[in-house]
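*Asks:* Line by line, the protein sequences are chains A and B. Under numbering that gives the first Met the number 0, the first residue of the first sequence is numbered 0, with each subsequent residue one higher. Under numbering that gives the first Met the number 0, the first residue of the second sequence is numbered 0, with each subsequent residue one higher.
Treat the hints with care, since some could be wrong.
Far from chain A, by Cβ distances over 10 Å, these chain B residues were calculated [as the list claims (entries may be wrong)]:
| no. | residue |
| --- | --- |
| 1 | 53 |
| 2 | 60 |
| 3 | 98 |
| 4 | 105 |
| 5 | 117 |
| 6 | 166 |
The following label-pair restraints were derived from C-beta to C-beta distances [what the hints assert, rightly or not]:
| no. | chain 1 | residue 1 | chain 2 | residue 2 | range |
| --- | --- | --- | --- | --- | --- |
| 7 | B | 130 | A | 62 | 16 to 26 Å |
| 8 | A | 53 | B | 108 | 37 to 47 Å |
| 9 | B | 10 | A | 61 | 46 to 56 Å |
Short derived list, chain A residues pointing at chain B, Cβ under 10 Å [said to hold, decoys possible]:
| no. | residue |
| --- | --- |
| 10 | 16 |
| 11 | 18 |
| 12 | 40 |
For the record, the hints were derived by calculation from the structure and aren't laboratory data. Here a beta-carbon is modelled for each residue, glycine too, at the ideal position from N, C-alpha and C.
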Amino acid sequence: MIFNDKAGEVGNIAEESGELDEALQDFRLSVHAWSEAALSRQRTAVAPVAQGRVWRLAVGWALGCVLVAGGASSGIWRHQQREMRNAAAHVAQQQHLQEQLVAQQRSQQARQEDEDLLTKVDSDVSREVPAAMEPLAQLMAEDETP
Amino acid sequence: MAMADEIAAEEFSTVVARHRPQIFRFLLASTRDVDLAETLTQDCFLKAHKNWSSFRGESSAITWLMRIAINLQKDHWRNRRMQFWRKTQSNAVGLDEASEWLPSGERSVEQQMLAKERVRQVSKAVESLSERQRTVFLLRYVEEAELSEIARATGLNEGTVKAHLSRAVTRVRAELGGKR
């Protein structure tokens, strides 16, 4: 009985050991196959970028950025200048119109003053200088007096 | 002098051609990441090339190279202790992928399924091993290295190698036994 039990135990160990060996063998085979496949796979070769080229690229990009920024700021500056010029022209036009209006008012006032003066002069002259028929009228008046 | 350099270069080329697949395989099994294994393999041969003149042939070239590879792998793990795992988890293939490469041989479909399942279980157990146990286990059961060679490559004494190997096999056996 004891012998049988021991025999069974030994049998189990042997079976277990056989299974372990088989598993380890399969593990080895799968790693070998995987490694061979990975080694023989197609690889994409990426050419290393030379240091000088990197610098050239960086400088190129920097110059490009400066040009773009310069162009943009120049455009903005021009636009601002144009806007300022337009605003100045508008203000000048307004001032000109204002001045014209003032001048017009002044000229109208001067004309009015001139007209008033002329009227006054006419009135004064008409009061001081006798009418053309006044001497005859005086004579007639003298004749009528007794 | 130039002639000696030429001979040395030629010798080194031969060493690379002969041992590159083995170094790559070991690193691939350790990291489960093809790209990382390729990078570490290149680093290994670069380092070997730099120190080729100091290789005195006391051990075989493959043992010397394997030692460099183990150190590189160790450095990699140490430098990226936490990050490495995250990266490995994302880049490393799943357990299924490794078992998919198992040659079918002359097995029936059912036997193939069983074998794949066993490989999956072994992979899982290997993944859970400590770095040192895994290295010893892979050198013994994937590279079929002798205990003395493993001891030389890892810098451990044979007794320690045996102890690590025993613990690793116990873990694998438990994984296989637990799934039945």
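*Asks:* Of the numbered hints stated earlier in the document, which are not met by this structure?
*Replies:* Failing hints, ascending: 3, 5, 7, 8.
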